[in-house]
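Spelled out, the chains give:
2 protein chains.
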Amino acid sequence: MSLGILGPSGTFSEAAALSHYPPEQNLVYADSIEQLFLMLQQGKVADILIPFENSSAGILRNSLTGLTKYPVMIKGEIIVAIEQHLMSAAQYELAEIELVVTQPAVLAQCEGYLKANLPGVRVEIAESTTKAAQMVRNESRRAAAIGPQQAAHNYGLMILASGIQQDNNCTRFLHLTNREEEITIGGNKISIIFDLKDRPGALYQALQVFAQRQLNLSKIESYPVKANRGYRFYIEVDIPNGDLAVQGWLTELENHSSAVIYLGNYDRYKEVSRC
Amino acid sequence: MSLGILGPSGTFSEAAALSHYPPEQNLVYADSIEQLFLMLQQGKVADILIPFENSSAGILRNSLTGLTKYPVMIKGEIIVAIEQHLMSAAQYELAEIELVVTQPAVLAQCEGYLKANLPGVRVEIAESTTKAAQMVRNESRRAAAIGPQQAAHNYGLMILASGIQQDNNCTRFLHLTNREEEITIGGNKISIIFDLKDRPGALYQALQVFAQRQLNLSKIESYPVKANRGYRFYIEVDIPNGDLAVQGWLTELENHSSAVIYLGNYDRYKEVSRC
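Keeping their order, the protein sequence lines are chains A and B.
Quick note: the first sequence uses the working numbering, first residue 139, plus one each step.
Quick note: the second sequence uses the working numbering, first residue 139, plus one each step.
Accuracy of the hints is not assured; some may be wrong.
Claimed, not checked - Distance condition first, Cα-Cα at most 27 Å in a straight line; then the derived DSS-like pairs of lysine-lysine: (1) LYS207/A x LYS253/B; (2) LYS408/B x LYS253/A; (3) LYS335/A x LYS182/B; (4) LYS182/A x LYS408/B; (5) LYS327/B x LYS335/A; (6) LYS253/A x LYS327/B; (7) LYS213/A x LYS408/A; (8) LYS253/B x LYS327/B; (9) LYS335/A x LYS213/B.
Unchecked claim - To give an idea of the chain B side of the interface with chain A (calculated C-beta under 10 Å), a few residues: (10) SER194; (11) LEU353; (12) ASP405.
The set of hints was computed from the structure by calculation and includes no laboratory data.
No residue lacks a Cβ here, since even glycine has one placed at the ideal position from N, Cα and C.
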């Protein structure tokens, strides 16, 4: 089986994949989240693993957009405690650093550290923490990247500081595959995206579909499709006892919504973590 | 009255403030969202206007964090259609540009344009679109900033491209003041943050407080406080008929939650916009 992940080697995606999948897994590296979705759609990989939600940065918009734009299905989730490191090509003092390179969601996780320890430093954006490490390697200015320890190892960088992320910093990854026609059931969670008109009672009526069945929503996020014209909702529903009547309540939800995307049924991540 | 906004002159925050408040308003400029909250807490301004939600970038985490961290109250909201421009110190061809400077939420609004028109360009982060324009002004490389037309005007930059944001790109601003002891009522919307344990039925029971009273939620976003240990919810509740019994249902919500923050009562933004 081939699994597409954010690459190149040294990303948190790789660490998550290596720790949770059999070693014979064939990892295929992509440059961006968008490219991962394209690789899956074009059949270049069987599955992809995308970063989805970080406790500091929230849900990644690119990942959320991909769930709507491409016909994918969620097979599982992994939650990983993320430790961020500041790394550079030489043993600089913090005060010497002219440039920090990182990825937008990682920047959100480390803003407090940067404000306190590198105030006013210039910050450049890379598509992944690994690319950030590569850029620092080839940079003429005194630059530091932020990313996982493995990136420092892969590119021969020195670790200047460790654990520079906000407290309890975790990232949730979603394991995706191409959508199947049939609604599969088995896991204890379901993800759905649906659209509602922005009118009184719309959300309440839609949520009644779940409330009437005593189904708990473990995640809900509304975001404007067009401001003042409607909202889109991403939700995760707990299926504690293997609710086999999904088709029934999906149809009911469709009566309330202009569009419903069923994203699949998978198991809640169970491992105890530091998060 | 003094109003703190993201500065310096030329930001979308300034454009929003100038178009919605009397011209005698004394605008005080801050460097960051965090600094705005501090200015308010320290009594340096009477009110602040913070960018809160963008249709491409979602809710700004720094703004959401501020609502929890500082004792503030929402007095109103403004929704502004945002047009982003690419600007530089000279009339460069797009292919000549070596560096793009912008602010994280603006980057999220313009990623599609950058991928299509400036693939592989280096991207640097500034704390505001105005700072981005300033940086480009003083940059030795061929650089372009992304921001509002006013920033180009203020810093004598040339507009290379206009309307480079994703479609229907709007930003919602919140007008905040220091929290009062008393729960004021008058507007047709209320914002609340509350914490729930991550257990079956928790969200359903909490939402019943609103459902029983036929109160519509026009916005809901859950985000992990500590992964696997609980969730925090930001919600906006429509108060169609001036519900005077807020204290009653707040107390009821407190019975379901480990923490409830009442963020105030204000009027939904009514003006027709392009969003």
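Structure-based check of all given hints:
no. : hint                : verdict
1   : LYS207/A x LYS253/B : holds, 17 Å
2   : LYS408/B x LYS253/A : violated, 37 Å
3   : LYS335/A x LYS182/B : violated, 41 Å
4   : LYS182/A x LYS408/B : violated, 48 Å
5   : LYS327/B x LYS335/A : holds, 17 Å
6   : LYS253/A x LYS327/B : violated, 35 Å
7   : LYS213/A x LYS408/A : holds, 15 Å
8   : LYS253/B x LYS327/B : violated, 39 Å
9   : LYS335/A x LYS213/B : holds, 25 Å
10  : SER194              : holds, 7 Å
11  : LEU353              : holds, 8 Å
12  : ASP405              : violated, 14 Å
Taken one by one, the earlier hints fail for this structure at numbers 2, 3, 4, 6, 8 and 12, listed in ascending order.
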